[in-house]
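Novice: The listed protein sequences correspond, in order, to chains G and S. So the first sequence is numbered by the numbering used here: it starts at 1 and just counts up by one. So the second sequence is numbered by the numbering used here: it starts at 1 and just counts up by one.
To be clear, the hints were calculated from the coordinates, so they are not data collected in a lab. Just so you know, not all the hints are guaranteed correct.
The list that follows gives simulated cross-link-like pairs (lysine to aspartate or glutamate, EDC-like), each with its CA atoms no further than 16 Å apart [claimed, not checked]:
| no. | chain 1 | residue 1 | chain 2 | residue 2 |
| --- | --- | --- | --- | --- |
| 1 | S | K81 | S | E34 |
| 2 | G | K96 | S | D185 |
| 3 | S | K46 | S | D185 |
| 4 | S | K109 | G | D203 |
| 5 | S | K219 | G | D161 |
| 6 | S | K81 | G | D98 |
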Amino acid sequence: SPAPLVQAFPLPSLPRKQPTVLVVCGPAQNGAIGLVCARHLRIFVGIFLPSSSSSSLSSHGPQRCLSATQDYEPTIFYPKRSPDPLYRDFTTQCEKMDIPFLSYLPTEVQLINDAYNAVVDAVLGAEAELGEGRGPCAGILATLKHVRIPIVSLDVPSGWDVEAGSSSGISPDVLVSLMAPKQCARRFLGRQHFVAGRFVPYDVQKKFELNPPKYPGTECVVAL
Amino acid sequence: GPTGTHSVPRQEEAQAIDQELFTEYRFSVDQLMELAGLSCATAIAKAYPPSSFTKSQPAVLVVCGPGNNGGDGLVCARHLKMFGYEPTVYYPKRPNKPLFEGLTTQCQKMDIPFLAEFPAEAALIDELYGLVVDAIFGFSFKGAVREPFSSILSTLEHITVPIASIDIPSGWDVEKGKADGLQPDMLISLTAPKKAAMHFAGRYHFLGGRFVPAALQEKYALNLPSYPGTDCVLQLT
């Protein structure tokens, strides 16, 4: 899941000085995927240049520019932690890797816009039953609806109906469909749509008529 | 290639790093084995793409030992299948644990054949397969090689198709190597190259297992070179 973030937002393109990313994790599986994503973001290193140097990137190779290797700097907001032992271990892994966990999400969206380059929406997945306006995630989603920085949604834009989508919900810039696009992906209007989760055996693909696109080479994501 | 020296972990240190990942960081064996096996398949696909096989199909024999190295091999076989190869597994000694039973089932359900017998002669392996993955023994290996692996290694020492070894060429002393032992064409070092890697003389040396947190790398002075972008492998030679 972090690979699409890196493909859609390579480090040199990020506008802020530090490559900060806010990962918002819900209480169930979608949130757990967000935790794993955050951990891998912490390990992904790229050549990071402050944005004013971007013009020199085209005329010289990265080695000849003043640059630093830098990982993405994820921060996690995970208000309702799952009791599942596997997910608790994912949390420990993130904590031990010095990924900060916010104690609250600012309702003042400008604070989020200023502090982060992008938001990973790992709040609700296809299993969520309650729509955006109800349930414990309603407040979070109300805030995310108003951020001006790009949102990357994991599997389903949180709060959307998995089939019908949503006319007034959050509007992600990037959607990462897991295994195969869900019906609501037809309503996705953002910039980039990826499929990830290259592990579905062929017989399962056929049985459920998933028809995933062909992954290039050894890539674990494919852009649609 | 990478410049500068890095600390090459000894067997005890490599085991200590693993222990810390499990006890302090709470990684599960499943998690790390999946990432390790995926690294192996990815490295193999980079060095020996399916189009490079001279046989009609990109057939690969994956020989799995009785421990975690064998588990890495099972994960590798499954990802090789997803990458378009035709892997076959030989797995004579299977631990009675859910992890390995699950990995075996995943391979079987993906129509990866499991041989009942090891090919009797090196020439037969050369005929049937374009590559052999050595997933027999890893960095925890100590002591004498027991059957059936002793005979298997003898046969593998006479094949002409390339061998890709996972972490340590099987049968080698994990620090000193084995001059008259297996001579793999590829080595995929997991987490960090071990001392034995200094004796590796094959064409391709890859680093895999991209999961060691920065703090652990510093603690053990691993000084690993940077992986490119989001790649899960790094070609060292």
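Novice: Decide if the proposed pair is consistent with the structure: S:K81 and S:E34, CA atoms, cutoff 16 Å inclusive.
Specialist: Cα-Cα ~15 Å, so holds.
Novice: Given the hint that S:K219 pairs with G:D161, does the C-alpha gap stay at or below 16 Å?
Specialist: Not OK: S:K219 and G:D161 at ~47 Å, beyond 16 Å, violated.
Novice: What's the verdict on G:K96 and S:D185, does the C-alpha distance respect the 16 Å limit or exceed it?
Specialist: It is violated: about 37 Å lies between the C-alpha atoms, which goes past 16 Å.
Novice: Given the hinted pair S:K81 and G:D98, is their Cα-Cα distance within 16 Å?
Specialist: Between S:K81 and G:D98 the Cα gap is close to 36 Å, so the pair fails against 16 Å, i.e. violated.
Novice: Given the hinted pair S:K109 and G:D203, is their alpha-carbon gap at most 16 Å?
Specialist: 9 Å, holds
Novice: For the pair supplied as a hint, S:K46 and S:D185, is the alpha-carbon distance within the 16 Å limit?
Specialist: 14 Å, holds
Figure legend: structure checked against the earlier numbered hints; hints not met, in rising order: 2, 5 and 6.
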